Amino acid sequence: VAEAPVRCAREDLRRARFAKGVLAPKGLLYFLTRPPAPPDWVRLGRRALARTARIMLTPLPLVGVHGMKLLARQIERLPLADGGERARLYMGNIVRMQEEIGTGGGGFRFLYASFLQELAAKTGYAALDGLASRLVEIGDRWREFALAAARMIRGRDALSPPVLAARLRALAADEKLFFQSLHRAQRAWAR
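For the sequence shown, the numbering used here begins at 1 and goes up steadily by one.
Hint data in this document are derived by calculation from the structure and do not stem from the laboratory. This list has only true hints and no planted wrong ones.
Restraint-style ranges between C-beta atoms, simulated for each label pair: (1) Pro25 / Glu144: 46 to 52 Å; (2) Ala188 / Cys8: 51 to 57 Å; (3) Trp41 / Ser133: 16 to 22 Å; (4) Trp189 / Arg10: 51 to 57 Å; (5) Ala16 / Gln74: 47 to 53 Å; (6) Ala48 / Cys8: 37 to 43 Å; (7) Arg17 / Glu144: 49 to 55 Å; (8) Glu144 / Val6: 42 to 48 Å; (9) Ile101 / Asp129: 26 to 32 Å; (10) Pro25 / Ala4: 23 to 29 Å; (11) Leu60 / Arg154: 29 to 35 Å.
Within a straight-line C-alpha distance of at most 20 Å, the following computed EDC-like cross-link-like pairs (lysine to aspartate or glutamate) qualify: (12) Lys176 / Asp140; (13) Lys26 / Asp12; (14) Lys69 / Glu144; (15) Lys176 / Asp129; (16) Lys69 / Asp174; (17) Lys69 / Asp140; (18) Lys69 / Glu99; (19) Lys176 / Glu137; (20) Lys26 / Glu11; (21) Lys176 / Glu144; (22) Lys122 / Asp40.
As the structure is a computational prediction, the values presented were derived from the model and not from experiment. A virtual CB, placed ideally from N, CA and C, is assigned to each residue, including glycine.
Produce the entire structure from the sequences given, and follow the hints as far as they go.
Below, the structure written as structure tokens:
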């Protein structure tokens, strides 16, 4: 928190050590007695890849590829009778969720691609580098989707929910192929 070493008064340290609250230290101080053993990156990596692929591909309709298809259907059905005001608000919330709050979209794909690159470097499994570059391309397309939606919301492009829904379906198809490839790579790595 501080940029340089700081001296703290004894009383301040005592107050911090016995602070009240939900995650209070309760007077306990922790320290490492020996350095932890290095993690088994191969085992952890395989488990992480399997879990991510399962979450993105399983038939739970609100999550992953199926959730993207559900959202595309909802976008396609947006009413335009009120001049598109409700549609604009709905699409604005989608862009805000995916780009500003961080619950999906390009940012998540870029972070996961970075994870794949680091895992490839730590384990020597080169197939992950190729998957990472594919995911970066998908992340770029998510940013293009958000930009197209933002242009429609602001009136710079014609409001067309079916066009956005088609883009989202194309992204869902690409992600399905990507996560199937990720699952295959994880299974091949396990051998």
